[in-house]
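Heads up, the sequence shown is in the working numbering, so the first residue is 30 and it goes up one at a time.
If you're looking for bench data, these hints aren't it; they were derived computationally from the structure. Among the hints, erroneous ones may be present.
Estimated spans, in silico, between C-beta atoms of each pair [what the hints assert, rightly or not]: (1) Ala-142 with Pro-89: 16 to 26 Å; (2) Gly-99 with Ala-144: 12 to 22 Å; (3) Ala-180 with Trp-147: 42 to 52 Å; (4) Asn-191 with Ala-80: 14 to 24 Å; (5) Leu-188 with Trp-147: 41 to 51 Å.
In this text, a Cβ means the ideal position worked out from N, Cα and C, and glycines have one as well.
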Amino acid sequence: MNEGRESSGEIVTDIPARLDRLPWSRFHTLVVVALGITWILDGLEVTLAGAVSGALKESPTLRFTNTEVGMAGAAYLAGAVIGAVFFGWLTDRLGRKKLFTITVLVYLSATAATAFSWNLWSFLLFRFLTGMGIGGEYTAINSAIQELVPARVRGWTDLVIN
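Generate the whole structure from the sequences, applying the supplied hints.
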């Protein structure tokens, strides 16, 4: 066993090989189902602004134009890209589990805050933050799959989840 020995400054371990030899179990199924449900919710979130665009245009408070509804979609996508990069970087430093929890909380909080938007700029800010949370989830979910699922079924699992 090479576990824990250092060789020229690098830690050598055979833990990944051990994990890859594990049979598929209930744990793996639960991980895939939980992460898959998160992806479904994320997918629904992407369509949210478009689905409620009529209500956003007719709102007595917001009265958005078509352009402003489009800006809301763009703010969400920009947040997702920046969130994936930022939270992906943080995930490597703080751990997958902690960052998955943080990104879900960012996503949930920002989505709830969106309901209380008082003008275009607050709506765009909350949609951007929602996108950041989702972007962070993307990186955390895919990292979790790569780490927790045996190599022989990783490709199949990635297809199912993504």
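Status of the hints after comparison with the structure:
Range check, Ala-142 to Pro-89: about 20 Å between beta-carbon atoms, so the 16 to 26 Å window is met. Between Gly-99 and Ala-144, the C-beta spacing of about 20 Å keeps the proposed range 12 to 22 Å intact. For the pair Ala-180 and Trp-147, the beta carbons lie near 50 Å from each other, so the given range of 42 to 52 Å is met. Hint check: Asn-191 to Ala-80, Cβ distance near 22 Å, so the stated range 14 to 24 Å holds.
Taking the beta carbon of each, Leu-188 and Trp-147 are about 42 Å apart, inside 41 to 51 Å as hinted.
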